[in-house]
Amino acid sequence: MAHIKVPEGVPGIRSLVMFRPETGKHLYDLAQILLRGESPLLEAERELIAAYVSYRNNCTFCWNSHAAAARCLYGDEKNIVDETLKNMQRSNISDKMKALLNIAARVQVLGKEVKPEDIKAARELGANDREIHDTVLIAATFSMFNRYVDGLASFTPTDPEEYNAMGKRMAEKGYVMPPQSK
Amino acid sequence: MAFSPQTAKPLNALAEVLLRDDDNTLTRGERELIGAYVSSLNDCFFCQNVHGAMAQYYMNCDMEFIDEIKKDFQSVPISEKLKVLLSIAASVQKGGKNVTAGQIEEAKNLGATDKEIHDTVLIAAAFCMFNRYVDGLATWAPQDRQFYVNRAPMRAEEGYADLDLYK
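From first to last, the protein sequence lines are chains A and B.
Using the numbering used here, read the first sequence as starting at 1 and increasing by one per residue.
Using the numbering used here, read the second sequence as starting at 1001 and increasing by one per residue.
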């Protein structure tokens, strides 16, 4: 049960933004711009970064939903998502993505954990300023979402089918505020 | 934020409503204090000084008082409710699952509403984002703490929504 009285049966962050839409709408705007707006990183790659950070933060709701979205967006290559979560260094993603995910993992611990050599390694593999910026901000943002969702003990579904459905909606429609209940 | 104005917009809007909207039973000072406290736990110089200066301005106290709160809030004369909210914020800083039912119950017993608990958790979570963003990209921060104290009145007046950091 959530720590505060949120709409019953509604999972994760959705229940929280329904409780407090005045802050929720900015959270959804941020997710939409960050994960679906203009970026040299593909939407699939950005969802993978989000899932990876959430997995490392042990946030069941966030990693499952964003992994599902990433699988939809990767299409035929969807196996890469679970490969990466299980063992990033040995997965088939590009070396540049590995360097960016390494930066994301550092940010997940704390901002100061990102060292100049981590940035250098990413640049040498072709990452530009925008890609590095977006990686850091996604990792930072999910460090917030994971804490928000788990900090209020919001409802976390256990059925993988529910996450598949969420992932499909996220991949197709992006981040749209749920309608307000009165 | 100058590098990425499109993402700056919702970030600033979030800060504005969370920290400055007066339709809130937590005072601006209390909310800025939670942000500054979490930023000190995350060892983020820029954020803890910006928001520590804001807290000090709103609470009409000196920086030593804010520093004492960061060091050991249990021993400082602030309300028992605020102390529990700060302990919840500290738990969020470590990770969402560190918030216990016991902490929530204690907060409610001391009069905290659902909205106050929600905002405490979201402020703490949001600062875990802001701190990582600022430090993850190794942004420059003025080192003189007085700089932040001097700017607090202007920031209190103008808020965060249309932030121009170069002013």
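If you are wondering where the hints come from, they were derived from the structure by calculation, not from laboratory data.
Bear in mind that the values here come from a model prediction, so they are computed numbers and not experimental data.
Any given hint might turn out to be false.
Unchecked claim - Restraint-style ranges between C-beta atoms, simulated for each label pair:
#1 Glu1016/B - Gly126/A: 22 to 28 Å
#2 Lys173/A - Ala1138/B: 22 to 28 Å
#3 Arg123/A - Ser1075/B: 44 to 50 Å
Claimed, not checked - Part of the chain A face toward chain B, derived, beta carbon under 8 Å:
#4 Ile4
#5 Pro7
#6 Leu85
#7 Met88
#8 Arg147
Glycine included, each C-beta is placed from N, C-alpha and C at the ideal position.
Going down the list of hints, with the structure as the test:
The hinted window of 22 to 28 Å between Glu1016/B and Gly126/A is violated, with their beta carbons roughly 37 Å apart. For the pair Lys173/A and Ala1138/B, the supplied restraint of 22 to 28 Å is violated, since their beta-carbon distance comes to about 36 Å. Range check, Arg123/A to Ser1075/B: Cβ separation about 47 Å, and the 44 to 50 Å hint holds. At about 4 Å, the closest approach between the beta carbon of Ile4/A and any beta carbon in chain B falls short of 8 Å, and the interface hint on this residue holds.
The restraint placing Pro7/A at the interface with chain B is violated, with a minimum CB-CB distance near 12 Å, outside the 8 Å limit. With a least beta-carbon distance of about 18 Å to chain B, the hint placing Leu85/A at the interface is violated under the 8 Å criterion. Because the smallest distance between the Cβ of Met88/A and any Cβ of chain B comes to about 18 Å, over 8 Å, the interface hint for this residue is violated. The beta carbon of Arg147/A is positioned within 8 Å of a beta carbon in chain B (closest approach about 4 Å), and the interface hint is therefore held.
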